[in-house]
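Participant: Sequence:
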Amino acid sequence: MAISSTKISANGQIVIPSDIRKKAKIKEGETFLIYVTSDGEIRLITEEKIRKKIGK
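Here the sequence shown is numbered in our numbering, starting from 5 and rising by one per residue.
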């Protein structure tokens, strides 16, 4: 597990630290589905993982 911290900029951008990007194999320009769970946890799912789950 990789744990890191980050801040949200004034314009709403979030920088994902490089150690997290490497661990999650996130590529530059990748698209994400962002959602909040019922307990307030924020989750990111890559477009690639979404395609695999729906079989496209």
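Possibly wrong hints are sitting among the right ones.
Unchecked claim - Computed list of lysine-lysine pairs in BS3-like fashion (alpha-carbon distance at most 30 Å, straight line): (1) Lys53 - Lys26; (2) Lys29 - Lys56; (3) Lys31 - Lys11; (4) Lys26 - Lys57; (5) Lys29 - Lys57; (6) Lys56 - Lys27; (7) Lys57 - Lys31; (8) Lys56 - Lys31; (9) Lys11 - Lys26; (10) Lys26 - Lys56; (11) Lys53 - Lys11; (12) Lys53 - Lys29; (13) Lys29 - Lys11; (14) Lys27 - Lys57; (15) Lys11 - Lys27; (16) Lys53 - Lys31; (17) Lys27 - Lys53.
As the list claims (entries may be wrong) - Computed Cβ-Cβ distance ranges for the label pairs, DEER-style: (18) Ile54 - Ala6: 33 to 39 Å; (19) Pro21 - Gly59: 28 to 34 Å; (20) Lys56 - Ile12: 17 to 23 Å; (21) Ile58 - Asn15: 29 to 35 Å; (22) Asn15 - Lys56: 29 to 35 Å; (23) Ile18 - Gly59: 15 to 21 Å; (24) Lys53 - Thr10: 19 to 25 Å; (25) Thr50 - Ile7: 17 to 23 Å; (26) Lys56 - Ala6: 18 to 24 Å; (27) Val40 - Lys11: 29 to 35 Å; (28) Ser8 - Asp43: 34 to 40 Å.
Since the hints were made in silico from the structure, they are not lab data. A virtual CB, placed ideally from N, CA and C, is assigned to each residue, including glycine.
Participant: Quick one: which hint numbers does this structure break? Sort them smallest to largest.
Facilitator: Structure breaks hints 18, 20, 23, 27, 28.
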